[in-house]
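Visitor: Make a model of the complete structure from these sequences and hints.
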Amino acid sequence: MKLSLLTVLSVVVSLILGTTHSATAQQSSYPITILSGLDRGQASVSLVWNINFENAAQERALHVLLLTKLNAGSPALDASESQDFRTINSAEFLIGGSPNHLVLTLLAPHETFDQVVDHAAEKLANKEIDPKWLKRIARNFRPIPSSKVRRPENVEAELTNYILFGGDGGATPPLTDVHQIILQAPDQIILNSQEYSFGDVPTRLKDAFGPPTTENQALQPHQPNPLPAGLIYVSDPEASETLVFLANSQEFSTDTNQAAADVLYKYMGYGPGSEMFRIVRQEQRASYDPRSHFTQLGNRLVLSGLSATTEAEIWQDTHQVIEQIYRDARNGKSTAEGLENSKNSMLNALIGNLRREPNWLAARYLEQYPERPPEGAIQLGLLGASFDLEVEQLNQLAPEALKPIDQMLTIVMGGGTEPPAELRNGNFCQLEIGQPLSVCLDQLSD
Amino acid sequence: MKFTALFAFLGMISHPALSQEVIELEDIAGLHSAYVIPIHERNRVDVQVIILSGTYDEGEVSGIAHYTEHLAALSADKAVLQQPRQRDLNASTSPISIVHTNSGTPDEIDKIMSLSRAVLDTPELTVPFQLSEIDIVKREVFYKERVAPIRWLRRRSLQNLYGATSGRAEDPIGDIEQITIEGALDFHAQHYTASNTMIIISGDIDPSLAQQKLSEYFGDTETTRQVPDTWLDLHPTPGLHHVEKITSDRLLDDSISFSKFFEFPNPEDVLSMQASFFIASDIYNSHLNRALYLEGFIAQNFSQGSYLAVDGDLEYNAFLVPFEGVSLEEALAGLETAIANLQDATITSDEIAIARAKNVAYTKSLENSPRAYLDFFQNLGSDGLPPVSPSQFSQMIKDAPDSEVLRFIEAFASNSPTAAVLAKAN
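Protein chains in written order, with full-length UniProt numbering: chain A, 1 to 446; chain B, 1 to 426.
Treat the hints as calculated values from the structure; they're not laboratory data. Using N, Cα and C, we set each Cβ at its ideal position, and we do this for glycine too. Certain hints may be false.
Stated by the list, open to error - Computed Cβ-Cβ distance ranges for the label pairs, DEER-style:
1. A:Gln379 / B:Leu271: 54 to 62 Å
2. B:Ser208 / A:Arg372: 57 to 65 Å
3. A:Gln379 / B:Thr126: 50 to 58 Å
4. B:Ala148 / A:Glu422: 33 to 41 Å
Guide: In structure tokens form, the structure reads like this:
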């Protein structure tokens, strides 16, 4: 089993690196990069706009506008026909980005890829914005305070926006300004397929846009906002459940440390073999959803955490267990068998991203090469570091890869007793239900 | 001309690349039925044990089927792997079935079959262990109810539709404190019986080996009494149009849950009707989606689902969040009008062709997901019908007669019983 997994890995690595090595930027007014990672039979193209986002509201406005254009009717197809077209042709539109990029990826099987490209081009070239569709999508994208819903996904979304933009807020730019950005041709194009011949796809996509009306801005290096240490507490006396979330933002000094932290977080809270599952769920019967979080937000920049929703009256017990799990992992007490399984989980997730998530690979590529491809081979250091990681190293790397526990942020939301004095003595902030986390994050950061 | 690109593709997606044959196994001892579906392209074997009873069969206390599923799976793990809770449960409980799935490489077939066989044995776990498992069932129910309040609203509309809190209108939150070990063991004794169990073996395995292993592990099972689906007798009051208005702080947005019961007149072969049903539901869903969401802007969000029971009973459920400026009452009226408009709508052959193409594209999209395949197999199996593979379903979709599709749409548009919950977010 282990042998076959490694064989698969080595094939994937050679495909990715081999193809990108031979693929260099084509000589044109904009960079085109060819990557090769997707499953056979699939092809994708990512349109990349270089943007120095000022705040989360601006980024959100662009995502909303792109989705509006893609979903609303256009001269060729109304909204209903567009939806049928995408279903029948197995087309996916994926939107992603970073503080420096807006990325739209089109993904489809080879046999329909050409039609899907033309379909997207027609949608993107449409200068009309349907105000009702815009209103609908904007509402679905509105920030929802995690203090109101107590869901780990909402906590993660708020923390992500804090790290990248200082919070969910910011002035929403005028619609015309935002639209002007994506009416211009993208600054880069990233193609991804193992054997698809893209032909004139980049040209057809570029031709859908008007000539640039503004000068390209140089990308400004983005400084993340680290999460502060301390405790954020939201009291909801009506709640029978409480969410405990131990969070952390980290800029790793090496790719190896990042890969090691990824494995350690999987050891702590990814799937049935993890410590969170084994202890919090199976032994204590305390939570249905104990898990770890590990999301890459930038080059060696990661939001990580451990969370569990527990019966309100026992949240303090669960909190102590989560902290102990973290301490043990950081102190190098992880078992070799568990680490081996977690490393395989990490590599499986990596392979899954390479094969099925072209937006993920585009993001990793853009973190390394924000404006244009390199002259020589494309090197994604994290891939190599992940494959090279030795299980025997992990316990030794743990103290460096995982921050000390007193530098972690703890978030508690729900019912049960209030935090005891020893938890409130340090950096403490109480948040009202419905308030954004950034209120407390700002306070704790001062 | 608008659909040039779309129709150009219709001819290209007639068959998924993978082709699977469903073979009925003959020597099944006391089992309800057993099938093998060889898929040699995959280096894995999956065995699905489908108990042909689910939450609809629970009687007065809901949650028992779910709890029994946990005990059966954990007891099997204890018997075969020597340790319960060593792994997560790969089992699920739906209204009409409980499915236990065990997977592995082809050379692990004996372990997989042992685990599959053991779920039919009376659970043997210590009392403290079984009691503690109730806690995790509670946590799971609370978690799912909070994360998806749509479950709670749909339950209320179904309770109003059927005038009951059991059977098709379960109440897991209300009954959660009434779950007992004895209740689960009773449920197990009644429903985890050989004649109420279907086995589906799929993956990299030859039919002869599948038959051999089935005989080896299930050959001792004896024919038992068939468990009747009494919930099929629960029908709404004819002419019912129930509307309940509530206010809740469990919701982020004002919401409507709408349920409709209708019947397919004189159903003859429910298995062959499945394809027509899928095409028809796609068509009426598309009509309503267009009227309320894509073009009508009555709905901010809108989701729909339909279910066809083995006796031809049909159930439609919709969840709707009104668009800004649209009241709950206006949104409900819009939904009811859109359904009524279907009575006079002309369904064109082009429309049916598009719905066929969407369903075929769906089956093709399953190619890369073993999990999706398993869901596909158990979909019909849960009704006690022979499973259908994606490639067979593609052919069924092609063969489904337009006339049957239209009869389904006509039945849906009829003035049948409905219940709606209009929930104002606090």
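Visitor: It remains to establish, for every hint, whether it holds in the given structure.
Guide: We went through each hint and held it up to the structure:
{"no.": "1", "hint": "A:Gln379 / B:Leu271: 54 to 62 Å", "result": "holds, 55 Å"}
{"no.": "2", "hint": "B:Ser208 / A:Arg372: 57 to 65 Å", "result": "holds, 59 Å"}
{"no.": "3", "hint": "A:Gln379 / B:Thr126: 50 to 58 Å", "result": "holds, 56 Å"}
{"no.": "4", "hint": "B:Ala148 / A:Glu422: 33 to 41 Å", "result": "holds, 37 Å"}
When the structure is compared with the earlier hints, no violation turns up for any of them.
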